[in-house]
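Here the structure of chain A is known, so what remains is to put chain B in place on it, guided by the hints.
Protein chains in written order, with my numbering: chain A, 1 to 290; chain B, 291 to 469.
Bear in mind the hints are in silico, worked out from the structure with no lab data behind them.
The structure displayed is predicted, hence computed values, not measured ones.
Please note that the accuracy of each hint is not assured.
As the list claims (entries may be wrong) - Covered by chain B, according to a simulated footprint, are these stretches of chain A (three or more residues, beta-carbon under 8 angstroms):
| # | stretch |
| --- | --- |
| 1 | 7-18 |
| 2 | 23-29 |
| 3 | 226-234 |
Unchecked claim - Here are a few chain B residues that face chain A, going by a calculated C-beta distance under 8 angstroms:
| # | residue |
| --- | --- |
| 4 | L309 |
| 5 | E315 |
| 6 | A325 |
| 7 | S326 |
| 8 | L338 |
| 9 | F342 |
| 10 | G347 |
| 11 | G350 |
| 12 | R359 |
| 13 | I417 |
| 14 | P418 |
| 15 | L429 |
| 16 | K434 |
C-beta: ideal position from N, C-alpha, C; glycine also.
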Amino acid sequence: MNSADNIERTIGQLHLTTRTETDKRILDDAFDALEKSAQEQSHRSVRPKILRIRIVELAAVAAAVFVIFALFFNTSTTDVGLSDIYQILGSVENICITTYEPASNEPMQIEWVSQALNIDMFQIGRQFILWDIPNKVKLTKYASSDLVRAQILTGDMFSKVKQAVLKRFGLVPFSNLSDISGARWTHLEDSETQADVSGSKIYDLTWQGKDAALDAIKSYRRRFFVDKRTNLPQRIELYGKLKSETEYKFETFTVVTYPSEDQIRTLIQNEFGPAALQPRDPGYIGTQPN
Amino acid sequence: MLEDKRLIWELKQGNKDALRQIYLEYKDTLLTIAASLLHDTNAAEDVLHDVFVSFAGSAGKLELRVSLRSYLITSVVNRVRDRFRKKKHHTVELDKAGQIKSDLNRPEQSAVLTEQLQLMADALSQIPLEQRETIILHLNGGMKFKEIAEMQHIPMNTVQGRYRYGLDKLRTILRGESK
Numbered sequence: 001m002n003s004a005d006n007i008e009r010t011i012g013q014l015h016l017t018t019r020t021e022t023d024k025r026i027l028d029d030a031f032d033a034l035e036k037s038a039q040e041q042s043h044r045s046v047r048p049k050i051l052r053i054r055i056v057e058l059a060a061v062a063a064a065v066f067v068i069f070a071l072f073f074n075t076s077t078t079d080v081g082l083s084d085i086y087q088i089l090g091s092v093e094n095i096c097i098t099t100y101e102p103a104s105n106e107p108m109q110i111e112w113v114s115q116a117l118n119i120d121m122f123q124i125g126r127q128f129i130l131w132d133i134p135n136k137v138k139l140t141k142y143a144s145s146d147l148v149r150a151q152i153l154t155g156d157m158f159s160k161v162k163q164a165v166l167k168r169f170g171l172v173p174f175s176n177l178s179d180i181s182g183a184r185w186t187h188l189e190d191s192e193t194q195a196d197v198s199g200s201k202i203y204d205l206t207w208q209g210k211d212a213a214l215d216a217i218k219s220y221r222r223r224f225f226v227d228k229r230t231n232l233p234q235r236i237e238l239y240g241k242l243k244s245e246t247e248y249k250f251e252t253f254t255v256v257t258y259p260s261e262d263q264i265r266t267l268i269q270n271e272f273g274p275a276a277l278q279p280r281d282p283g284y285i286g287t288q289p290n
Numbered sequence: 291m292l293e294d295k296r297l298i299w300e301l302k303q304g305n306k307d308a309l310r311q312i313y314l315e316y317k318d319t320l321l322t323i324a325a326s327l328l329h330d331t332n333a334a335e336d337v338l339h340d341v342f343v344s345f346a347g348s349a350g351k352l353e354l355r356v357s358l359r360s361y362l363i364t365s366v367v368n369r370v371r372d373r374f375r376k377k378k379h380h381t382v383e384l385d386k387a388g389q390i391k392s393d394l395n396r397p398e399q400s401a402v403l404t405e406q407l408q409l410m411a412d413a414l415s416q417i418p419l420e421q422r423e424t425i426i427l428h429l430n431g432g433m434k435f436k437e438i439a440e441m442q443h444i445p446m447n448t449v450q451g452r453y454r455y456g457l458d459k460l461r462t463i464l465r466g467e468s469k
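One chain only, chain A, in its complex shape (with noise of 0.2 angstroms):
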């Protein structure tokens, strides 16, 4: 065989490995930086959850006056900013999110938090996976067949989990447009959007951002369909731009609903079996196959 006339299969063949020094290096260091960046993340949130706790029982006063004041002219007309929609989410204590990719009516993942059950639920595809904080279990239950299996959350990582089930759902990137330079968030037309949700009122929040992967400037926007009369984001819609680029690409999109803890209880029950959610011996490891 002569290497100039087999080219792409010879190129195809090259393949390298990384010393077992190299990987312990490279996975000690990388496991250093998640760390840190996991403690920047806390720190972050630290003056921001003081502000709420404050901020949550003024929004219980002014919720009431909001629920008077929509009974009597029926629909909102007050502008509503970013940091509404975030607090506002803080309160929420069911939520279903459904992510699309634009010309695909699969979603490409459903996601079920119950702050009132203490719990996240996974749908990817036919397989479901379950963190169950109270029990400190992740349950996964494949596709494949009817089987579950059981991973015990340890120490860090059930605290962490812990912490993000408490968190806005990832729905809003930051809660204040002060925070990032250049961002705006402007109220639309029904006109001026492709999509139909009723009874919403359309905003735009736009920002620029460094794209790691790209190692570009990239512009970002998300498009929130906000209900008119409880101010919860419906649908989100999510668009970019390179520099070198003048429209932006509608990425993806996310349907936003807020089941009762009753029909995520269900459904849980549903998937993994009767059982699911009831407080568990600690011994317990899940049907794992033979």
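Below, chain B alone, put in the same frame as chain A:
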């Protein structure tokens, strides 16, 4: 892509197992790409190190809009380009003995193959970086021309042209050396 989403979600929770899983899945592909572009295994390991440390350090802010594989390959390519830009790169021969391995296990073929792979690695180092990048990303990274075009922000025709011209140059170099 769906598995990627789950891994990224777990990574954002600080899950080290997810990071280890991602590393083990992609490390060899990324190292091969970096080494083929740089023609230097030590520098390639440094690139792999920087990519994963940076990836782990920005996990909390990560918003994945392409597949994890494309994201990591793009990160490697950008680091390689930085090295060329900064002219800190020193060419070192690929280590024949230790690290190149063939997918074929039969001993009578592996010695020949190793020699051929070394010749190919040397030839690759002699063609322009943009052609080398296109060839390596397509053949070793498993990326389609369309994905490479999007990554490099150039038309697909240009990518196909670079690929074709690159292969022609490699053929010329290899024929010259094999005589």
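Which numbered hints fail | When the structure is compared with the hints, numbers 3, 5, 12, 13, 14, 16 turn out to be violated.
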